[in-house]
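Top to bottom, those sequences are chains A and B.
Just so we're aligned, residue 74 is where the first sequence starts under the working numbering, counting upward by one.
Just so we're aligned, residue 46 is where the second sequence starts under the working numbering, counting upward by one.
Among the clues, some could well be false.
Said to hold, decoys possible - With a Cα cut of at most 25 Å, we get these calculated SDA-like pairs of lysine to any residue:
hint : chain 1 : residue 1 : chain 2 : residue 2
1    : A       : K130      : B       : T71
2    : A       : K82       : B       : Q151
3    : B       : K146      : A       : G131
4    : A       : K130      : B       : D47
5    : B       : K122      : A       : G115
6    : B       : K101      : A       : G168
7    : B       : K146      : A       : A87
8    : A       : K82       : B       : P85
9    : B       : K105      : A       : G76
10   : A       : K130      : B       : I140
11   : B       : K146      : A       : S111
12   : B       : K146      : A       : E126
13   : B       : K146      : B       : S48
14   : B       : K105      : A       : R99
15   : A       : K130      : B       : K105
16   : B       : K146      : A       : Q140
17   : B       : K146      : A       : L84
18   : B       : K146      : A       : S138
19   : B       : K146      : A       : R95
20   : B       : K146      : A       : E176
21   : B       : K113      : A       : E176
22   : B       : K146      : A       : T78
23   : B       : K146      : A       : G101
24   : B       : K146      : A       : Q90
25   : A       : K82       : B       : S130
26   : B       : K97       : A       : E176
27   : A       : K82       : B       : L91
28   : B       : K146      : A       : L161
29   : B       : K146      : A       : E135
30   : B       : K146      : A       : R128
31   : A       : K130      : B       : G46
32   : B       : K146      : A       : L112
33   : B       : K146      : A       : D102
34   : B       : K146      : A       : S153
35   : A       : K130      : B       : T69
Stated by the list, open to error - Ranges between beta-carbon positions, derived for each pair:
hint : chain 1 : residue 1 : chain 2 : residue 2 : range
36   : B       : E87       : A       : K130      : 25 to 31 Å
37   : A       : E148      : B       : S124      : 40 to 46 Å
38   : A       : S159      : B       : E87       : 17 to 23 Å
39   : A       : E148      : B       : E114      : 41 to 47 Å
Rather than coming from a laboratory, the hints here were simulated on the basis of the structure.
From the three backbone atoms N, C-alpha and C, an ideal C-beta is built for every residue, glycine too.
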Amino acid sequence: DSGVTQTPKHLITATGQRVTLRCSPRSGDLSVYWYQQSLDQGLQFLIQYYNGEERAKGNILERFSAQQFPDLHSELNLSSLELGDSALYFCASSGGLAGHTGELFFGEGSRLTVL
Amino acid sequence: GDSVTQMEGPVTLSEEAFLTINCTYTATGYPSLFWYVQYPGEGLQLLLKATKADDKGSNKGFEATYRKETTSFHLEKGSVQVSDSAVYFCALSRIHQGAQKLVFGQGTRLTINP
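Please build the complete structure, drawing on both the sequences and the hints.
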C-alpha cells in the first residue's frame with residue numbers, strides 16, 4: 074500500500090461527458106502528479122501541483138484541468154470526453170519540491186472507459 | 046530536453062534466466078535515476094534508485110549501476126522468477142526551475158515462464 078488513494082477505480086462513460094478523478098496523497102506529501110497510461114503502456118505526464126500551486130505542466134489537453142485543494146487532495150477534471158481518452162489515470166505524490174530524492178508514490182489508478 | 050530510452054519489449058524469459066533491460070538517458074545536469082515496476086493491476090512502485098555516478102541501486106535481486114560515461118542505467122537480475130513478470134520503467138529525475146521533473150521511459154513488459 075503506497076498510501077496514495079484514488080477514486081473511482083473504474084469509470085465508464087460516454088463521449089462528450091465530463092468526469093472528475095480524485096486523489097488523496099500520502100500523509101504529509103505536498104506534491105501531486107497526474108499521469109495518463111495508454112493501452113500501449115506508455116506513461117504521459119499531465120500536470121504537477123505543489124502545496125496547492127501548479128508547478129509543471131506536461132502533455133495535458135485543454136479539455137483537461139486539475140487542481141490541488143488546501144487539504145492537499147487533488148482532482149483531475151476531464152471534459153468533452155473522446156474515445157481516445159480511455160486510459161488509466163495515475164496519481165502520484167512526493168514529499169517535497171527541490172532537494173528531494175525523486176521517489177514518487179503511486180496510487181492504483183483510475184481506469185476510464187469512454188464508449 | 047530530457048529523455049529516457051528503454052529496450053523495447055515484450056521480453057519473455059524462462060525461470061532462472063539472466064535478465065538485462067537496457068536504459069539510456071539524455072539530461073542536462075546530474076539527474077537521479079530510477080527503476081519502477083508495475084505488477085499486473087497495480088500502480089508503479091519504486092524498485093531501486095541511484096543518485097550519483099557509479100552508484101549501484103539494488104533491491105529484490107535486481108541491480109543497476111549509474112554510468113555517466115555511457116549515460117546508462119541498465120537493469121539486471123541473475124535469476125528471474127515467475128513473480129518478476131511485470132512492466133519495468135526506467136526514469137530520471139532532476140530539479141528544473143525549482144520543481145522536480147520526472148521523466149519515464151516507455152516501459153518494458155517482462156514475462157517469465159515456468
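Sort out whether S138 of chain A lies within 25 Å of K146 of chain B, counting only the CA atoms.
holds (19 Å)
Taken at face value, is the distance from the CA of E176 of chain A to the CA of K146 of chain B at most 25 Å?
holds (11 Å)
Does the alpha-carbon distance linking K146 of chain B and E135 of chain A stay inside the 25 Å limit?
Measuring from Cα to Cα gives roughly 21 Å; hence the hint holds.
For a C-alpha distance cap of 25 Å, please report whether K146 of chain B and R128 of chain A respect it.
holds (10 Å)
K146 of chain B and L161 of chain A: Cα distance at most 25 Å?
holds (21 Å)
Pair hint K130 of chain A and K105 of chain B, alpha-carbon separation not exceeding 25 Å
violated (34 Å)
CA of K146 of chain B to CA of S153 of chain A, is that 25 Å or under?
violated (29 Å)
Pair hint K146 of chain B and S111 of chain A, alpha-carbon separation not exceeding 25 Å:
Cα-Cα ~21 Å, so holds.
K146 of chain B paired with L112 of chain A [C-alpha distance capped at 25 Å]
It holds: about 24 Å lies between the C-alpha atoms, which stays within 25 Å.
Given the hint that K130 of chain A pairs with I140 of chain B, does the C-alpha gap stay at or below 25 Å?
holds (14 Å)
Compare the distance between the alpha carbons of K146 of chain B and R95 of chain A with 25 Å, and conclude whether the hinted pair is satisfied.
holds (22 Å)
Hint consistency between K101 of chain B and G168 of chain A [alpha-carbon to alpha-carbon, up to 25 Å]
holds (24 Å)
Hints 7, 15, 17, 24, 34, counting from the list given before, are not met by this structure.
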